[in-house]
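Asks: As they're listed, the protein sequences go chains A and B.
The first sequence maps to residues 1 to 510 in the numbering used here.
The second sequence maps to residues 1001 to 1549 in the numbering used here.
Honestly, the hints are just simulated from the structure, not real lab data.
Treat the hints with care, since some could be wrong.
Unchecked claim - Taking lysine-lysine pairs in the BS3-like style, the calculated list, with each CA pair at most 30 Å apart, reads:
| hint | chain 1 | residue 1 | chain 2 | residue 2 |
| --- | --- | --- | --- | --- |
| 1 | B | K1080 | A | K264 |
| 2 | B | K1133 | A | K340 |
| 3 | A | K299 | B | K1133 |
| 4 | A | K95 | A | K174 |
| 5 | A | K360 | B | K1080 |
| 6 | A | K153 | A | K174 |
| 7 | A | K415 | B | K1288 |
| 8 | B | K1475 | A | K305 |
| 9 | B | K1134 | A | K303 |
| 10 | A | K238 | B | K1475 |
| 11 | B | K1349 | A | K415 |
| 12 | A | K354 | B | K1549 |
| 13 | B | K1549 | A | K415 |
| 14 | A | K487 | B | K1429 |
| 15 | A | K264 | A | K153 |
| 16 | A | K354 | B | K1288 |
| 17 | B | K1080 | B | K1134 |
| 18 | B | K1423 | A | K238 |
| 19 | B | K1134 | A | K299 |
| 20 | A | K75 | A | K61 |
| 21 | A | K76 | A | K176 |
As the list claims (entries may be wrong) - Pairwise CB distance ranges (calculated):
| hint | chain 1 | residue 1 | chain 2 | residue 2 | range |
| --- | --- | --- | --- | --- | --- |
| 22 | A | D193 | B | D1479 | 34 to 42 Å |
| 23 | A | K487 | B | G1374 | 21 to 29 Å |
| 24 | A | L292 | B | E1112 | 52 to 60 Å |
Claimed, not checked - According to the in silico footprint, chain B covers these stretches of chain A (three or more CB under 8 Å from chain B):
| hint | stretch |
| --- | --- |
| 25 | 419 to 426 |
| 26 | 487 to 493 |
Owing to the predicted nature of the structure, the values given are computational and were not obtained by experimental measurement.
Even glycine gets a Cβ: it sits at the ideal position worked out from N, Cα and C.
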Amino acid sequence: MDINRLVESLHPLERKASPFLAKCSTLKDLMKLSKLSEAEAMRALQWLENKGVLKITSEVKETIHLDSNGKEYLKKGLPERRFLEALKKRPLPIKDIGKAASLSAEEYTVCLGLLKSKAAISIDRGVVSVTEHGIKALSKEWLEEAFLKRVSKDGVEPSSLSPEERFSYDIFRKRKGIVKSDLEKIKRFRVTDIGKALSKEKIKAGDSIERLTPDMLRDGSWKGKTFRRYDVTINVPKIGRGRRHFVNQATDYAKQVWVEMGFKEMQGPMVNTCFWNFDALFTAQDHPVRDLQDTFYMKSPAKGKLPDKRIVDNVRAMHEHGGDLESIGWQYRWDPETAKRIILRTHTTVLSAKTISSLKRSDWPAKFFAVGRCFRNEAIDWSHLFEFNQTEGIVIDEDANFRHLLGYLKRFFAKLGFPQARFRPAYFPYTEPSVEIDVFHSVHNRWVELGGAGIFRPEVVEPLLGEAVPVLAWGPGFDRIMMEYYKVTDLRYLYRNDISQLRGMRQWMR
Amino acid sequence: MPSIKLNKTVFNRLVGKELSDVELRERIPMMGTDLESVGGDEISVEVFPNRPDMLSEQGFARAFSSFIGQKTGLRRYDVKPSGSKVIIDKSVSGVRPFTACAIVRGLEFNDEKIREMIQIQEKLHVTFGRNRKKLAIGIYPLEHIKLPIRYFAEDPKKVKFQPLEFPRELTGLQILSQHPAGREYGPLLEGKDMFPFFADANNEILSMPPIINSHRTGKVTDQTEEVFIECSGFDFNTCNICLNIIVAALADMGGRICSMELEFPDCKKITPDLEPRRMKLDVPFVNKWLGLRLSEDQMTGLLARMGHGFEMGFVLVPAYRADILHMVDLAEDVAIAYGYDKFEPDLPKVATLGEESPFEVFRRRISDVLIGLGLLETNTYNLTNAVDQNSRMGTDIRLAELESAVNTDYNVLRAWMLPCMMKVLHDNKGSEYPQNIFEAGTCFRLDASSETGVCEFVRLAVALCGPDADFTRIKQVFDVLAQALDFGYDSKETEHLSFIPGRVARISVGGLDVAYIGELHPQVLDNWELEMPVSCFELNITDLYKAFK
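Using the sequences provided together with the hints, build the complete structure.
Replies: In structure tokens, the structure reads:
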């Protein structure tokens, strides 16, 4: 590498560090010599390594340090020395020694045992006196004391201890708060040939421009200077962008599809009476879908109000005997109290029922759609969630028929990215005929079930609209399409809101 | 949906033709049943709840055989009078008022047939009988019974018999607590003073519906040749159809159906009644509904493939079909027989104008503005819990509560959005800061004046979380939004339990209070275990939108 180009590309921190590279080999020493902070010195080393100037190695080292008691003993003397000193003048009763030598109860107990084992003291009827051996010991420096002094200097490694020091270390380790050992990370570096060449260069801090500032432009001080060369291939820290939630991106797309096909959006509440969610859709009051284990009933409020009497009476008549139609109905006693119960909508079809009930003859032909959150009382796992997205479309048209329904479905799913669709018989209480739609999944090479459709029964439409006009309806779940697109295998993932994943999620490109 | 397992050998014999697995896989779904698996000697199918008559080898094979054109048209079943009676006492009127009964003779039971019969009974109990709530079925070997039979209600402490598969006699009341079936279905009789019973002419107890048969007179074995069948419940018509489904299946097994006279307190009836229902065929209606141009002959040919008969302009609907309420149901049968795959899809040219709801457009504009500021949109559940909504926020808002939610962490509807933002921040403590997020979501408040007692509106929450999140920064965000949407606002100091006193403002637009803005209280941050300050606002955009209009 051209050494001049290398010099030009040095960051100010690298410039500060460079002169000392030949003089030391650890991060710590470099910090001392260059007066850089640890973070600065480390960054300089890493950048220099990237440029091939040096090679960093790290190792972990165990070092011994004084703990809080150890530091105190270094100043005040070891407790056992203080113990002996206190007895030098005269023997003392056991209970008085602690106070005389200012020892804690714990220190006192340790000393008593220790000195006795060394035969430095003798005890006679509760009175302690120092032995000859003890007097002698007082006059010289102990091995333990020498060890304390040695360790008080910076980081001694256990491996460097002499056998005597090792002995003291083992004793002190058993006592409270005298010594401790730390694991220290040591960064070392070795200068390469490029580095050797670099260290011969004369490098001044600040003879190239680091950052172009408004001041420089104003006073022209940039003229005649060089700019520090950047490593333009470098990886830079990631930043997050603002973006729409990927689920909303997909539902926006679904809306666009509906609007393009001439459908108008319906909106309405998620909390509904059973009347709108079930009864108006000709779902018998003992139908299993109304069970507590599938549907979210509200505790408070538990019951709501029924709509105007005309609609309620018509719906009741449909359930009980088929009303004015040539239908036999479900043949049971319809209960208005059951219809008043409050639930979270189980399908967006509730919006279709309400919309139909608000139309007058001049309004159709008409097409409506909804995209919305629906609910089912379910334990959560990878394929079950208590909230799900449904999309729903209806066509109210005197001339509509089953072939039209299939035509709309084919077009709708083609727009969603599934050009191949097939239809199977299905069952829903409120449509006849009913259809299940399978689309062909080109990646998995198999048919996937994507939702139900049908023509609303006259028993549904007549009480709401006043006449039994055919109403085509389909309501595919949308979560499956999204999971497929985003390659999500767990439904819960859609609403986990993990910020780094939200930032990284692929863009909806349909 | 109920699923049943079919023995392929039995099935093929009943169909009268052997189809390959590939053909079965192709044809069965097109008849209106979900095929689960075909393989070995077993076919597993899911039957739609509107076709209880297909919940047996016999019923399924009967429908399939017609569908593939093997045996089409109405199946006639002979019913001969048995000359026997069932006497229904008026005491049952308050308990389980109706029963429909029959005798089937000439059955040669073996283990396989007993399995088939038990499967029919079980599946009908669960689906059509709504777990025995709506109706219950009893099948008894006739050889141990002395006719006529009585159906009556009695004090359950006074009636004693040995229930099926139990070592000793129990009273009716004891059965509820001591017999497994009693414990399972006991709630259906709980609180009643009188329980219903069937007994024979010797006063021998046959059963206590809907719970259990007697061990002595209620157990079908491979020695059994004749059975007595009763379907008892709350609606005579339902009992009748259920009985028809069972006797038709037993007749397909080789049995001979015999009717019984039911002596109700106020009238006499004879069951089973297998006379088909007559419905006038409306050819133009069916053609219009389906978008086809079929002649009457073509249409009745298709109906024959769904098991219907035809006579002088009338469709003869089999007496075991529970799902034909209206001409549209026949139209569906025509469509199925015609083949959903044969229909030519047709997209009509009907001019209508597509339109997104203006409010939704408004809502997306808001998102666009915030995304331009580098904020990240989240999407959280509408369901949450009172701890998140109130305790952690230091508030006390009245919440709309769910009944018996499976997940207790999600048992109320959210009343405001900020707690949802806090949950997201809490869950992302390990990610890089700053974390600046927003969401516009539906919120729910109790409101006695509305139809449901709950009113819904959309609230937008924006939360800035990071070392320098403060009042100034969040106010800057709000100002950008106000400028972009072009609305002016007033603000005044206020108090809010979630915010630091003196650092929270109430914002109003056109005199309507629409937002809180400020710095969250450190206690709230602590409750969410956050170690970063949060400044935020919550704006009711439903109200803001109204103020615009």
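Asks: Give a verdict on every hint.
Replies: Outcome of the hint check:
1. B:K1080 to A:K264: violated, 60 Å
2. B:K1133 to A:K340: Given pair K1133 (chain B), K340 (chain A) holds - Cα atoms ~22 Å apart, limit 30 Å.
3. A:K299 to B:K1133: holds, 24 Å
4. A:K95 to A:K174: holds, 25 Å
5. A:K360 to B:K1080: violated, 55 Å
6. A:K153 to A:K174: holds, 21 Å
7. A:K415 to B:K1288: Given pair K415 (chain A), K1288 (chain B) holds - Cα atoms ~28 Å apart, limit 30 Å.
8. B:K1475 to A:K305: Cα-Cα ~42 Å, so violated.
9. B:K1134 to A:K303: holds, 25 Å
10. A:K238 to B:K1475: holds, 27 Å
11. B:K1349 to A:K415: Distance of about 17 Å is within 30 Å: holds.
12. A:K354 to B:K1549: Measuring from Cα to Cα gives roughly 24 Å; hence the hint holds.
13. B:K1549 to A:K415: Violated - the C-alpha atoms of K415 (chain A) and K1549 (chain B) are around 34 Å apart, more than 30 Å.
14. A:K487 to B:K1429: holds, 26 Å
15. A:K264 to A:K153: Distance of about 82 Å is beyond 30 Å: violated.
16. A:K354 to B:K1288: With a Cα-Cα distance of about 26 Å, the restraint between K354 (chain A) and K1288 (chain B) holds, given a limit of 30 Å.
17. B:K1080 to B:K1134: Holds, because 28 Å separates the two Cα atoms, which is no more than 30 Å.
18. B:K1423 to A:K238: holds, 24 Å
19. B:K1134 to A:K299: Given that 30 Å is the threshold and the Cα spacing comes to 26 Å, the pair holds.
20. A:K75 to A:K61: holds, 28 Å
21. A:K76 to A:K176: holds, 16 Å
22. A:D193 to B:D1479: 34 to 42 Å: With a Cβ separation near 59 Å, D193 (chain A) and D1479 (chain B) fall outside 34 to 42 Å, so the hint is violated.
23. A:K487 to B:G1374: 21 to 29 Å: holds, 26 Å
24. A:L292 to B:E1112: 52 to 60 Å: Violated: the Cβ-Cβ distance is about 38 Å, outside 52 to 60 Å.
25. 419 to 426: holds (count 5)
26. 487 to 493: violated (count 0)
Hints 1, 5, 8, 13, 15, 22, 24, 26 from the list above are not met by this structure, while the remaining hints are.
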